[in-house]
Amino acid sequence: MTKNNFEVIRPGINTTFQDLGRNSLYHIGIPFSGAMDNRNFILANAIAGNKENTPVIEFAYQGPLLKFKGEKINFNITGNVSFNVIKKDEKIEGNCYENYSLEEGDQLDIISTNKSIYGYLAISGNFEVQFQWGSCSTNTKANVGANDGKKIEKEQVIKVTDTHSHNSKRKLDYINSKIENIRVIKGTNFNYFSEEGKKKFFEKEFTVTKLTDRMGMRLEGPKIENIVDTNIKSEGIIKGVIQVPADGNPIIMLSDHGTIGGYPKIGVVISSDYDKLVQLPPGSKIKFKEINLSDAEILFRLYEMETQNLISKIK
Amino acid sequence: MIKNISNLGDSALYCDFGSKVNKEINSKVIQYFKNIKDKKIEGITNITPSYNKLIISFDMRIVNFTNLKEKIENLNLKEFINKKGNVIKIPICCDKDFSLDLKRLEKKLKISGDKILEKFFSRRYYCYMTGFIAGHPFLGDTDEFIRAKRLETPRVKIPKGSVGLTEQFCNIYSFESPGGWNIIGNTPLNIFDKKNEIKPNLINPGDTVIFEQISKEEHKKYND
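Going down the list, the protein sequences come from chains L and A. In terms of this note's numbering, the first sequence opens at residue 1 and continues consecutively. In terms of this note's numbering, the second sequence opens at residue 1 and continues consecutively.
One or more of the hints may lead you astray.
[Stated by the list, open to error] Pulled from the structure, derived: some chain L residues nowhere near chain A, Cβ distances all over 12 Å:
(1) Arg22
(2) Ile28
(3) Glu71
[Unchecked claim] Calculated lysine-lysine pairs in the DSS-like style (CA-CA distance at most 27 Å, straight line):
(4) A/Lys34 x A/Lys78
(5) A/Lys115 x A/Lys103
(6) L/Lys151 x A/Lys199
(7) L/Lys151 x A/Lys160
(8) A/Lys28 x A/Lys69
(9) A/Lys199 x A/Lys220
(10) L/Lys233 x A/Lys220
(11) L/Lys210 x A/Lys199
It is worth saying that the hints were derived from the structure and are not from the lab. All values reported here derive from a predicted model rather than from experimental measurement. Glycine included, C-beta positions come from ideal geometry on N, C-alpha and C.
Please construct the entire structure, taking both the sequences and the accompanying hints into account.
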């Protein structure tokens with residue numbers, strides 16, 4: 001146990017501890033949770049020199065302002081994020097995907113995410129967090145996970161249990177690319193919708209609304225007409241499922257989604273596009289593109305290879 | 001038996017047991033759930049039973065749809081000893097402070113509130129599934145004279161412990177949550193305990209629930 005810790009001067013909007021999430025609990029009503037943007041989570045730990053599933057701090061829009069106390073520690077931030085390291089006599093403008101060090105009294109000011117929602121802070125070491133069902137991931141709706149299942153709050157002290165001094169200069173040249181189309185496999189209730197509704201779904205543009213959080217993303221656009229029934233008998237759902245309730249506006253289920261849902265499913269976002277989907281801030285325009293299962297499987301293999309390649313490029 | 005297995009996106013199997021909702025079909029779903037869980041098949045990340053469907057999520061780095069589908073189709077099903085599940089008694093207070101929608105139901109169903117409660121308490125309920133929020137059970141079937149649709153505009157906040165009705169089902173809100181069911185009472189019991197990692201849910205699929213009416217004083221005393 002070290003004496004290192006962070007004092008939370010400003011918590012930010014939605015700052016939580018996250019890791020890869022928890023499995024095998026959908027049947028009791030507990031979703032997967034975990035870092036929303038999986039690749040940026042993986043990269044944060046890789047640059048920090050941590051094990052793959054080490055807890056990190058996830059923030060949305062505005063991040064936290066933290067004051068560090070203790071012996072020198074390394075950290076990095078992933079995503080598309082503006083942040084400053086404030087030292088006694090200088091202010092360093094930070095770059096993502098690059099390790100920096102903090103010393104006694106230094107402040108880390110995570111100002112905002114740019115044209116995206118989520119960013120990640122990993123330290124070379126471990127935060128002191130509680131684990132539930134093998135994961136620290138915070139689900140603020142069920143109050144499950146680290147920090148008693150709550151967001152990180154003002155004046156809270158975040159303890160660091162151990163640190164390791166990896167090469168402090170580790171960095172990666174990477175820019176998050178934008179996505180034009182979200183690729184989707186037809187849902188199990190695809191035929192609940194009118195021919196025109198299905199056409200609109202794959203041809204027209206939809207806007208991400210402000211009603212978007214870790215549970216789901218609500219979209220607005222042309223209304224999708226249901227010709228069978230606006231409810232189904234409630235059944236299991238998974239992240240990426242696109243439900244269309246009676247009002248005709250699609251809702252995409254995200255990592256903290258309810259495990260059971262009763263609205264017809266028009267489609268499911270493919271796994272390789274999920275990280276980019278969750279980063280679309282309110283106001284973004286998206287189009288859905290139909291894809292079949294075998295192409296989705298190939299795209300996932302490519303996504304995985306690209307992540308591995310990025311890790312190998314960290315210097 | 002499973003009528004059809006299709007894919008839900010690229011990382012889940014959608015096992016369809018037909019369109020009917022009854023105890024017999026649901027018992028089959030639960031039997032499959034228990035068997036698959038017991039086999040610990042590599043790559044499966046979640047198994048979600050519901051009335052008449054079973055969703056099996058998997059890690060695409062370990063298995064794919066075609067291989068996993070074959071495994072599920074060729075599964076040798078065994079019977080589990082505790083097939084009938086547990087019987088659980090749940091105390092409920094239906095005082096007007098808790099029965100938020102009883103007046104509305106009187107009008108909708110054109111029977112008195114007392115009659116609605118009498119019919120509600122006269123049955124034992126079967127747990128079809130748990131989920132939506134942690135620990136939240138879907139129970140059935142209710143008397144056909146007390147069946148009503150969901151509220152047209154769901155409530156933003158339903159108090160923890162609320163007991164609701166919709167169609168042939170009833171439920172218990174394990175913690176404060178949005179929701180659209182017709183609320184007729186409240187239980188002081190904790191039906192989800194996040195500290196109990198082995199058995200966090202008081203009620204599990206296949207269990208039988210008996211509701212017992214209690215007074216406002218008894219409800220209050222429960223948590224003292």
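Query raised in the report: Which of the stated hints cannot be reconciled with the structure, identified by number in ascending sequence?
Result: 1, 2, 10 and 11
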